[in-house]
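S.K.: Taking the hints into account, I'd like the entire structure generated from these sequences.
2 protein chains.
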Amino acid sequence: MPSLEPISFARGAPSADIMPAEALRESAARILRDDPAGVLGYGVGSGYGPLRDWIAERHDVEPSNVVVTNGSLQGGVMLFDLLVEPGETVAVEAPSYDRTLLALRERGADLLAVPLKEDGVDVGALEVALDEGAAPRFIHTITNFHNPAGCTLSLEKRHRLLELAANHGFLIFEDDPYREVRFEGDDIPTMFSMDTSDSVVYASSFSKTIAPGVRVGYLIGPDDVISAVTRAAVNTYISPNMLVEGIVAEFCRSGAIEESIANVRQALHARRDALADGLRGYIGDEARFVLPQGGYFLWVELPEEVDTSALLTVAAERGVSFVPGADFMLEGGKNALRLAYSAVTPDQAEEGVRRLADALAALREGAPAA
Amino acid sequence: MPSLEPISFARGAPSADIMPAEALRESAARILRDDPAGVLGYGVGSGYGPLRDWIAERHDVEPSNVVVTNGSLQGGVMLFDLLVEPGETVAVEAPSYDRTLLALRERGADLLAVPLKEDGVDVGALEVALDEGAAPRFIHTITNFHNPAGCTLSLEKRHRLLELAANHGFLIFEDDPYREVRFEGDDIPTMFSMDTSDSVVYASSFSKTIAPGVRVGYLIGPDDVISAVTRAAVNTYISPNMLVEGIVAEFCRSGAIEESIANVRQALHARRDALADGLRGYIGDEARFVLPQGGYFLWVELPEEVDTSALLTVAAERGVSFVPGADFMLEGGKNALRLAYSAVTPDQAEEGVRRLADALAALREGAPAA
Chain C
6 MPSLEPISFA RGAPSADIMP AEALRESAAR ILRDDPAGVL GYGVGSGYGP LRDWIAERHD
66 VEPSNVVVTN GSLQGGVMLF DLLVEPGETV AVEAPSYDRT LLALRERGAD LLAVPLKEDG
126 VDVGALEVAL DEGAAPRFIH TITNFHNPAG CTLSLEKRHR LLELAANHGF LIFEDDPYRE
186 VRFEGDDIPT MFSMDTSDSV VYASSFSKTI APGVRVGYLI GPDDVISAVT RAAVNTYISP
246 NMLVEGIVAE FCRSGAIEES IANVRQALHA RRDALADGLR GYIGDEARFV LPQGGYFLWV
306 ELPEEVDTSA LLTVAAERGV SFVPGADFML EGGKNALRLA YSAVTPDQAE EGVRRLADAL
366 AALREGAPAA
Chain B
6 MPSLEPISFA RGAPSADIMP AEALRESAAR ILRDDPAGVL GYGVGSGYGP LRDWIAERHD
66 VEPSNVVVTN GSLQGGVMLF DLLVEPGETV AVEAPSYDRT LLALRERGAD LLAVPLKEDG
126 VDVGALEVAL DEGAAPRFIH TITNFHNPAG CTLSLEKRHR LLELAANHGF LIFEDDPYRE
186 VRFEGDDIPT MFSMDTSDSV VYASSFSKTI APGVRVGYLI GPDDVISAVT RAAVNTYISP
246 NMLVEGIVAE FCRSGAIEES IANVRQALHA RRDALADGLR GYIGDEARFV LPQGGYFLWV
306 ELPEEVDTSA LLTVAAERGV SFVPGADFML EGGKNALRLA YSAVTPDQAE EGVRRLADAL
366 AALREGAPAA
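First to last, the protein sequences are chains C and B. Here the first sequence stands for residues 6 to 375, where the numbers follow our numbering. Here the second sequence stands for residues 6 to 375, where the numbers follow our numbering.
Hints are computed from structural coordinates only; laboratory data are not their basis. Predicted model, so just to flag it, every value in this text is computed and none were measured. We treat Cβ as the ideally placed atom computed from N, Cα and C, and that holds for glycine. There may be inaccurate statements among the hints.
Claimed, not checked - Computed Cβ-Cβ distance ranges for the label pairs, DEER-style:
| hint | chain 1 | residue 1 | chain 2 | residue 2 | range |
| --- | --- | --- | --- | --- | --- |
| 1 | C | 291 | B | 107 | 51 to 59 angstroms |
| 2 | B | 10 | C | 22 | 45 to 53 angstroms |
| 3 | C | 129 | B | 240 | 30 to 38 angstroms |
| 4 | B | 259 | C | 87 | 40 to 48 angstroms |
| 5 | B | 107 | C | 107 | 36 to 44 angstroms |
M.R.: Spelled out as structure tokens, the structure:
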């Protein structure tokens with residue numbers, strides 16, 4: 006058999022063709038001309054001022070409510086260091102982002118897994134747990150185009166979650182990196198924008214709207230939380246990356262970011278469509294999924310008897326990869342898989358699903374090799 | 006009195022005129038043209054490959070012995086997280102870098118302060134402590150052009166410290182950001198380069214050879230230590246800043262870094278000379294100092310009765326600032342001060358010392374205002 010060009014649905018990363026290298030080059034040239042001292046000197050722990058201001062304006066908050074970090078994961082990690090003592094209960098979604106689960110586990114959090122539904126986290130299940138005495142310090146929730154599940158938290162549930170947080174005294178960590186990558190449907194207001202009881206810390210980043218390699222993320226939240234994270238930042242790295250934050254600030258100020266977002270949306274919309282069409286055509290009803298309205302990921306549930314870890318081995322021999330669902334779960338997820346369409350062309354998406362269908366058939370026939 | 010343009014000897018940072026904005030602009034343009042996918046995608050926890058390779062070659066080690074971090078402080082902090090349990094003994098220099106002392110204290114380290122001499126840390130005093138039963142996990146030492154003390158660890162003491170580390174089973178954390186900023190005298194080999202027992206973890210950065218705003222530092226050490234720090238890095242921020250590391254890699258590859266180092270050395274040499282001449286001329290024998298052969302800092306001891314915290318207040322009214330010595334000490338240092346000459350022109354250095362001498366005279370006359 007001739008070796009195939011591998012097709013990866015595994016990594017949640019954009020392909021090079023949708024990352025704005027040329028516009029970043031221009032932004033770098035301008036900022037190094039216009040503010041060399043600002044981007045080359047030590048900065049402040051809260052981030053490059055003009056970028057912090059831009060983010061604050063975009064989210065309609067004061068700059069003092071914003072801390073810019075070296076990627077949003079680092080912001081989250083610093084927040085966890087502040088909030089999580091060993092044995093502390095933290096509510097998480099099942100499935101959820103594996104790095105967040107790991108960071109919480111490493112800090113000794115007692116994880117309370119709340120299932121996801123088509124319209125986001127099962128707030129009713131959370132309420133039952135709270136009524137039974139669970140007292141989480143916070144809930145971590147990925148609200149738009151979930152990683153890995155692809156779903157989006159409904160407006161009604163956002164309101165209910167805010168009520169529960171206010172009544173039960175827990176925080177909501179609203180993790181929202183995909184918000185701007187919406188292909189269709191209407192934006193839903195963030196919980197942060199509707200919060201009236203200082204219950205929400207909001208996280209986002211420029212990884213999906215510009216490029217992951219810039220490693221620029223941010224937290225927005227109540228003054229006291231943001232001040233504490235900023236102090237931790239200073240003690241960890243003095244200041245975040247001033248040069249890149251300057252480049253990103255100029256990229257935003259110049260309007261290049263709107264063009265980049267439009268470009269990403271259009272490309273990923275086509276990729277999602279090709280993937281979803283491929284699943285319907287090659288696998289059919291056995292592949293159950295909620296069509297994501299944006300973001301990078303499509304979560305597929307196969308019939309219960311299919312072990313997606315075994316499927317991965319057979320699929321890899323056919324030149325296609327993905328992440329088994331169990332990697333995102335505290336338990337279960339054995340018949341699920343995450344397909345990232347962010348880095349494949351529409352043609353690759355279709356061919357990848359064809360190979361996946363072939364692998365599924367082979368797995369069932371007990372024929373591990375093609 | 007007309008208000009004076011303030012002169013700061015306080016912050017250990019370079020002035021804008023010695024930071025290579027134009028060469029960085031060119032490096033950014035080239036790397037975004039030549040390797041857009043590499044610098045814009047998620048990278049690996051150990052840093053941008055070509056930069057890691059350049060550092061490895063420069064220090065004559067394997068790339069597997071290098072991890073590139075978001076500034077060297079963050080590398081140190083991740084190392085401390087691995088090595089320091091609460092109650093662990095860590096030997097530090099007195100005086101030492103305040104952020105390092107704070108990071109160690111925050112992790113519950115039991116600090117063993119070892120005095121500095123003109124030729125670096127007092128290895129004899131350390132040996133006495135070891136013989137009396139002290140069992141540090143590691144010693145933190147700033148070997149060249151110490152911050153804040155300006156001194157450099159002699160070759161003989163480097164050998165003795167390596168012997169002690171091997172015999173007593175502690176690590177040496179060789180913190181060496183200023184090495185390349187030598188004005189005069191011969192380079193002294195790093196302890197890392199002479200180590201035969203995997204006793205040394207070496208830290209440096211590009212803050213002093215390029216600019217602090219790039220926030221790129223690195224650790225070099227035994228494979229197991231570097232692997233552990235790299236895992237911590239991945240769990241903290243996925244990968245360090247790929248875009249800036251790409252720019253720095255191109256800056257190094259192109260040779261721009263040699264020009265930048267030559268430029269920094271020349272400028273800081275002149276600034277040090279102006280400061281030292283000023284101290285001799287305006288304050289005279291009462292200002293005792295070891296002339297640093299490189300780096301950013303000159304450490305001054307005034308007569309014992311002078312409280313440099315009180316002096317700072319009087320000096321600030323005269324438009325000059327510095328950092329009192331006590332800020333760098335676990336105890337003592339009340340009559341010392343750190344003067345950073347990295348951000349002042351030679352003319353400013355001279356004028357700054359004139360104001361300082363004036364403040365000292367006023368303090369002694371009990372006249373707090375000019």
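S.K.: Now tell me, hint by hint, if it's right for this structure.
M.R.: Status of each hint after checking the structure:
Distance hint for residue 291 of chain C and residue 107 of chain B: a CB-CB separation of about 58 angstroms, consistent with the stated range 51 to 59 angstroms. At about 51 angstroms, the beta-carbon gap between residue 10 of chain B and residue 22 of chain C stays in the expected band of 45 to 53 angstroms. Distance hint check: the CB atoms of residue 129 of chain C and residue 240 of chain B are about 33 angstroms apart, consistent with the given range 30 to 38 angstroms. Separation of residue 259 of chain B from residue 87 of chain C is about 42 angstroms and conforms to the stated range, judged on CB atoms against 40 to 48 angstroms.
Between residue 107 of chain B and residue 107 of chain C the C-beta distance comes to about 27 angstroms, which lies outside the given range of 36 to 44 angstroms.
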